[in-house]
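Chemist: Going down the list, the protein sequences come from chains A and B. Just so it is clear: in the first sequence, position 137 is 136 by numbering that gives the first Met the number 0, and no numbers are missing. Just so it is clear: in the second sequence, position 17 is 16 by numbering that gives the first Met the number 0, and no numbers are missing.
Fair warning: there could be bad hints in the mix.
[To be verified] Here chain B is said to cover these stretches of chain A; the calculated rule only asks that three of the stretch's residues, wherever they fall, bring their Cβ under 8 Å from a Cβ of chain B: (1) 58-66; (2) 96-102.
[To be verified] Partner residues are not named here, just some residues of chain B that face chain A (Cβ under 10 Å, in silico): (3) Gly-19; (4) Ser-20; (5) Gly-23; (6) Thr-47; (7) Val-66; (8) Leu-70; (9) Arg-90; (10) His-92; (11) Arg-100; (12) Arg-101; (13) Arg-103.
[What the hints assert, rightly or not] Some chain B residues judged to face chain A by a derived CB distance under 8 Å, without partners named: (14) Tyr-10; (15) Tyr-24; (16) Glu-64; (17) Arg-75; (18) Ala-93; (19) Asn-94; (20) Ala-95.
No wet-lab data here; the hints were simulated from the structure. Owing to the predicted nature of the structure, the values given are computational and were not obtained by experimental measurement. No residue lacks a Cβ here, since even glycine has one placed at the ideal position from N, Cα and C.
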Amino acid sequence: MSELASPQGRSEPAGLERGYRRLLACYPRAYRRQNGEEILAVLLACARNGQQRPGLAESADLIKGAMRLRLWPAPRPPRTVQAAAWLMCAGVTAQLAYLIINVATAGSVGSAYARQYPLWAAAAVHHAVTISVVRHEVGGVIGIGVCLLLAWALVRGRNLARFAFAAVIGLDWWAMYQAAGQGATQHAQADMTAAAVTWLLILPAMVLLFFPASSRYYRPKPRVDNPVAPGLQH
Amino acid sequence: MGVRAMQEATYLILTALAAGSQHGYGIIADVAGISGDRVRLLPGTLYTALDRLRADGLIAVDREEIVDSRLRRYYRLTPEGEQRLAEEAARLHANATAALRRLRPELTGGVA
Numbered sequence: 000m001s002e003l004a005s006p007q008g009r010s011e012p013a014g015l016e017r018g019y020r021r022l023l024a025c026y027p028r029a030y031r032r033q034n035g036e037e038i039l040a041v042l043l044a045c046a047r048n049g050q051q052r053p054g055l056a057e058s059a060d061l062i063k064g065a066m067r068l069r070l071w072p073a074p075r076p077p078r079t080v081q082a083a084a085w086l087m088c089a090g091v092t093a094q095l096a097y098l099i100i101n102v103a104t105a106g107s108v109g110s111a112y113a114r115q116y117p118l119w120a121a122a123a124v125h126h127a128v129t130i131s132v133v134r135h136e137v138g139g140v141i142g143i144g145v146c147l148l149l150a151w152a153l154v155r156g157r158n159l160a161r162f163a164f165a166a167v168i169g170l171d172w173w174a175m176y177q178a179a180g181q182g183a184t185q186h187a188q189a190d191m192t193a194a195a196v197t198w199l200l201i202l203p204a205m206v207l208l209f210f211p212a213s214s215r216y217y218r219p220k221p222r223v224d225n226p227v228a229p230g231l232q233h
Numbered sequence: 000m001g002v003r004a005m006q007e008a009t010y011l012i013l014t015a016l017a018a019g020s021q022h023g024y025g026i027i028a029d030v031a032g033i034s035g036d037r038v039r040l041l042p043g044t045l046y047t048a049l050d051r052l053r054a055d056g057l058i059a060v061d062r063e064e065i066v067d068s069r070l071r072r073y074y075r076l077t078p079e080g081e082q083r084l085a086e087e088a089a090r091l092h093a094n095a096t097a098a099l100r101r102l103r104p105e106l107t108g109g110v111a
């Protein structure tokens, strides 16, 4: 946008409009249906004379706006829910770090197996390590996916996600309790440490989600002032 | 701590709407004028802010028009938006007065 003169009476290049429509496709469909044509009109009004395609700054700005709406929709969640979502993301990061460490240290796990079970053949040790690593990786990736999905639903005000999150935490706690009962605190210290770190992040997130401010956010309320305009519905 | 301080872009958008309803392009032009061309909102930023302000009940859609076969939607301040803008303006004014009183006591008649 290099000038703010009146845009009336100007004919816009078709390529520019096509470019803007492509960028607007990044926005959520419902938002696009409601505001797409309006934003397009403003984008074209703000374009420089003779501009053929969207500029870098406005493209980045539109993509940023679209991502923000997808990740952080309006109405904005209260701070308790925002903090819970950030804690869940931190938990996912910790879990991701653990999965990387798990693969990187597979060799030392093999040595530990060999020391613990000296009668095992090398192939048996290798097999046991492979199963252990794959089991942890698959379980970890599923856990990360579930956590991200729940975080996504929670910032969108889905009340059911709160209880699903509590159920997942309960299951995780039960699995950890079982593992500790089988001596995991002795022979799987890295696993238990990773689980403890993740818990330190995830548990406060769950508490925050049941604060009164969060509960108010999860109460169903109709959105007022929601005009529907014909527009970009592709 | 009271209400959180408003972001400058939000403050300028509400200020632009304080004079009457405006459409998106009008707001961008007005904000540039109010800020002495220092703040030039890009459409993506403007509509993210408008969406949030509507959800917070500070602005509302006033009317829609079709101009040159393009949709033009006008926004206006709600009573809640007017109140929030007045509070923020008073807060900024008090801060500016305090700073100026300390920097130039001769202009404001004493040290705070």
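Chemist: State for each hint whether it applies.
Modeler: Do the hints match the structure? See the list:
1. 58-66: Since 6 is at least three, the answer is holds.
2. 96-102: violated (count 0)
3. Gly-19: violated (18 Å)
4. Ser-20: Violated: closest Cβ of chain A sits about 13 Å from Ser-20/B, beyond 10 Å.
5. Gly-23: holds (4 Å)
6. Thr-47: This hint holds: Thr-47/B lies near chain A, its Cβ roughly 4 Å from the closest one there, short of 10 Å.
7. Val-66: It holds, given that the least Cβ distance between Val-66/B and chain A is near 8 Å, below 10 Å.
8. Leu-70: Given a least distance of 4 Å, the restraint on Leu-70/B holds.
9. Arg-90: violated (20 Å)
10. His-92: This interface hint is violated because 27 Å lies over the 10 Å limit.
11. Arg-100: Not OK, violated: Arg-100/B not within 10 Å of chain A, min 34 Å.
12. Arg-101: violated (33 Å)
13. Arg-103: Given a least distance of 34 Å, the restraint on Arg-103/B is violated.
14. Tyr-10: Not OK, violated: Tyr-10/B not within 8 Å of chain A, min 17 Å.
15. Tyr-24: Since chain A brings a Cβ to about 4 Å from Tyr-24/B, closer than 8 Å, the hint holds.
16. Glu-64: With a minimum Cβ separation of about 11 Å from chain A (threshold 8 Å), the hint on Glu-64/B is violated.
17. Arg-75: violated (11 Å)
18. Ala-93: violated (25 Å)
19. Asn-94: Violated - the Cβ of Asn-94/B stays beyond 8 Å from chain A, reaching only about 24 Å at its closest.
20. Ala-95: Not OK, violated: Ala-95/B not within 8 Å of chain A, min 27 Å.
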